[in-house]
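Enquirer: For reference, the chains in residue letters:
2 protein chains.
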Amino acid sequence: MKQVLVDMDGVLADVYRQFQLYEERETGKQINLEQLVGILELDAFPNGKKHVTSEGFFRTAPVIDGSIEGLKYLNEKYNVLIVSSATEFPQSLTEKVDWLHEHFPFISWKQIILCGEKKSIRGDIMIDDHPKNLDFFEGKKIIFSQPHNGLLKSDQYKRVNSWQDVMSVL
Amino acid sequence: MKQVLVDMDGVLADVYRQFQLYEERETGKQINLEQLVGILELDAFPNGKKHVTSEGFFRTAPVIDGSIEGLKYLNEKYNVLIVSSATEFPQSLTEKVDWLHEHFPFISWKQIILCGEKKSIRGDIMIDDHPKNLDFFEGKKIIFSQPHNGLLKSDQYKRVNSWQDVMSVL
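Protein chains in written order, with the working numbering: chain A, 1 to 170; chain B, 1 to 170.
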């Protein structure tokens, strides 16, 4: 059975929506995603660096549309590992696993890897929104569309725009 | 540069000492390590399962003798990754990274992996006290002596009894 590495932020967790909500709560201003194309998340939101280290940010993140059904599908067909860059923000670690248990209860703790860098994780297929993770990966690379990677054109990756897309590709 | 995977519990963190301290605090009884040879940690300590899920258990664990000097030595000579089975106990995750930052400040967040199972982590050398982790590993296997693995005799692993031993082997 092939092993699929599935990213969390930007693939399962809707961190853009969460940044928007936090920003609006703090400043009263709405930030439009169209103006953030090609900019990394933490540079795109004025208070992003503060919010990403604040308690509850990851624990209360919205779930990306279709990801529950999509991950269930993958989990029946592949060895799924959830692989998230998370050790940079220690407070996020417990929150991320609690969040996974709440929204994706069919994913066991044995299937979760929280790391700094992903280049030492083995797999056949990787679904990620960040080229920096995909570029070190030896298997099939699937890039999940998010504003920050919107300008990227590359034959290196298969682009998917939704979990519907993921299910039709895999 | 070769990549060395270094376990936390039983290699860097003295979880036996921590279990003994928690047990004594709870029951007033001292538990002798000699009587625990060949028994897995959570079966060896009467209240182990309760203590391992309690707040602060991992955050306040004592450091294994010689591990700071030993890990510093490895970190200059190898690509070191700290790889810990931790997602079974979500509360341990943030505690473990905070603990590493306190006692091993020369280890970056980029060098930390917290997982359920270690079999998808790539490396050349693994230092671990649990055969279940070493058995799936393809590189050089170094078993760090702890009471639970005391009865194990195998040519599959190089046994080390201390961080002094680690430094003379690597």
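Keep in mind the hints are simulated off the structure, nothing from the lab.
Be careful, since some hints might not be right.
Intra- or inter-copy, both count: the list cannot distinguish identical chains.
As the list claims (entries may be wrong) - Below are the BS3-like pairs computed for lysine-lysine, each with C-alpha atoms no more than 25 angstroms apart in a straight line:
1. Lys-50 to Lys-110
2. Lys-49 to Lys-141
3. Lys-50 to Lys-158
4. Lys-29 to Lys-141
5. Lys-49 to Lys-110
6. Lys-29 to Lys-132
Enquirer: Run every hint past the structure and note whether it holds.
Expert: Verification of the hints:
Taking the shortest alpha-carbon separations for Lys-50 and Lys-110, only the inter-copy value of 20 angstroms comes in at or below 25 angstroms, while the best intra-copy value is 31 angstroms. In the homo-oligomer, the alpha carbons of Lys-49 and Lys-141 never lie at most 25 angstroms apart, since the shortest distance is 28 angstroms inside one protomer and 40 angstroms across protomers. In the homo-oligomer, the alpha carbons of Lys-50 and Lys-158 never lie at most 25 angstroms apart, since the shortest distance is 33 angstroms inside one protomer and 46 angstroms across protomers. For the identical chains of this complex, Lys-29 and Lys-141 are neighbours neither inside a copy (36 angstroms) nor across copies (55 angstroms), given an alpha-carbon limit of 25 angstroms.
Proximity of Lys-49 to Lys-110 under the C-alpha cut-off of 25 angstroms is restricted to the inter-copy arrangement: shortest distance 18 angstroms between copies versus 30 angstroms within a copy. Neither within a single protomer nor between protomers do Lys-29 and Lys-132 lie at most 25 angstroms apart by alpha-carbon distance, with minima of 31 angstroms and 52 angstroms respectively.
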